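Peer 1: Below are the chains, spelled out letter by letter.
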Amino acid sequence: MLKQIFKISLMNLRNLPSRFGISSVVVVGIGGVVGVLVAILAMASGFESALASGASSDRVILLRDGSTDEMASSISQEEVALIGTLPGVAALSPELYTVVDVPKMDTGTYANLIARGVGTGAFDVRPEVEIVEGRNFVPGRTEIIAGVKAASEFRGLDVGSEVSLRDSTWQVVGHFEAGGSAYESEIWLDFPAALSAFRRNSATSLRIRLDSPTSFDELSQAIANDPRLQVQVISEPSFIEGQSATLRQVIKSFGYAVAVIMAIGALFAALNTMYTAVSTRTIEIATLRAIGFSSVPIVISVMIEAVILAVLGGVLGALFSYLFFNGFTVATLNPAAFSQVAFDFNVSTEIVYLGMTWAIVIGFFGGLLPAISAAYIPITAALRGE
Amino acid sequence: MAFIELTNVVKNYEKGSEVVHVLQDLNLSLHEGDFLALMGPSGSGKSTLLNLIGGIDQPTAGSVVVDGANLDNMSGSQLAKWRSATIGFVFQFYNLLPFLTAERNVELPLLLTNLRGSQRKENALTALRTVSLEDRAKHKPGELSGGQQQRVAIARAIVADPKVLVCDEPTGDLDRQSAQEILALLETLNEQFGKTIIMVTHDPLAAEHAKTVLHLDKGVLVESEQAEVSA
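Protein chains in written order, with the working numbering: chain G, 438 to 823; chain B, 2 to 232.
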């Protein structure tokens, strides 16, 4: 039995080039499904990793008790000073998180951009942040630095240019990278200058780098024990997970919905194509059966052929997505932060595996019925080409 | 017992709600080495009878015994195995695989054996030599004439050395010259190699090459010449 399967399959596969036309329809059809699926999931993955790549287990964010995001939080400067004295704090940055309107690079329409006032400890809290062009702002001056993705997505953020935020004019003095994280979609300015410019008197959040990840409990306990502090301590990974959950879910659900619809279409296309491919070989298969080949090896060999064509389609689709989408930068609105976040499509190994799995499933079921049909039709009928 | 023995064979087909009676209580005995030509009008049951003897169809009632094997009791896989060892098929339209060379087509039945690749190749070339087509071993069917393709099909039918050749209109798609060559070849296989041949044909000239000619009409054997037949 195994020998027959091997020999018929080998013969079928050797002769795939002679059935190039019909085989390529299967390959291209399944390739299209996998290509779209991989592209959509790569988008979700890119968004997720843009947000998650800024997360570090030794960093915490402090928000007002009951707040779920920075926009709705407020921490007084007295609280900031108190927290700075607590155990486990290695570096600290009081931050003012606000949203400004800046014209988009491509359309010129105004869109929300996060303007983050940061304390002098911001670079100690986030050592991955690096000035890649120009210089850092000077505390007290109306200077800003822009994340590289913000600079590419919004107008007027070139180094040396001036940008109007609320009622004041700010000079862009530098661009920074932040390890590909969502911070690269923000502009940063001096915290006290930001308080003044935006007429605020308290921070919206406090970012802390712990002296070690194990200090989290110690700091949480110290804050809980001090009645003057009405803040909550959240680890950065947990905070980012919560911030990105909604959009990530939307993108993933959308991606799967599109992929499922396409996969159903592709399954029927594959079925139709495989039926056509097999029906052109009805007499050939009947002849093999008359000679003495059994039905089961014939079913399995047709299935193997279908799955191999599907794998080829999957590889083609994944390769297409990788070549055309991997690293492709787009921006979208993060509903949790109500601001634009730019991210790169990320065609990861896991996504390619998933795409290939879909391809194999489509190929398997697309080939199963035609194979069974070809192998179990009475030989006498098949020899007549019925 | 005869080499091929059909006893009270009935074959019906269901066509929608209608039952078509193709063979009716048919009895037939053939000896090893016979060369039988089956003649009759279209729809008389010739091909059905051939298919029953070849083991690619089974009777509705009655028994078919070929070389001691009772075919009506066999499962599909048992029949497949039996066919590979006992029967060689020759079809009207050759049924060669178009993407395989003549040699590869002839080798097909040997893929079911335990022969090594080199031995299979040697046997395939021997079979092609028997049908005088060794020099066309590397040609694909599309590069051969109709007569040559049918000779390749005959080589494929004999390569595993089966005892029985079942030929369904083997000359039906050929010109007279090619048909004569094929019939001469079948005669040689019958006389020199001892193959038992059952051939369906519409052509009386083709039937003249057989040792026995039987006529079927509406599923009943109506005439017999030479063979031991009762209907």
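In short, the hints are calculated from the structure, not lab data. Honestly, I wouldn't trust all of these hints.
Reference listing, derived: stretches of chain B covered by chain G, where coverage requires no fewer than 3 residues with Cβ under 8 Å from a Cβ of chain G [to be verified]:
id, segment
1, 73-82
2, 108-118
3, 185-199
Note that this is a predicted model, so its numbers are computed, not measured. C-beta atoms are modelled at their ideal positions from N, C-alpha and C, and glycine is treated no differently.
Peer 1: Take the hints in turn and mark each one as holding or not.
Peer 2: Do the hints match the structure? See the list:
1. 73-82: holds (count 4)
2. 108-118: Result for this restraint: holds, n = 4.
3. 185-199: This one is violated; 0 residues, fewer than the three required, reach chain G with a Cβ under 8 Å.
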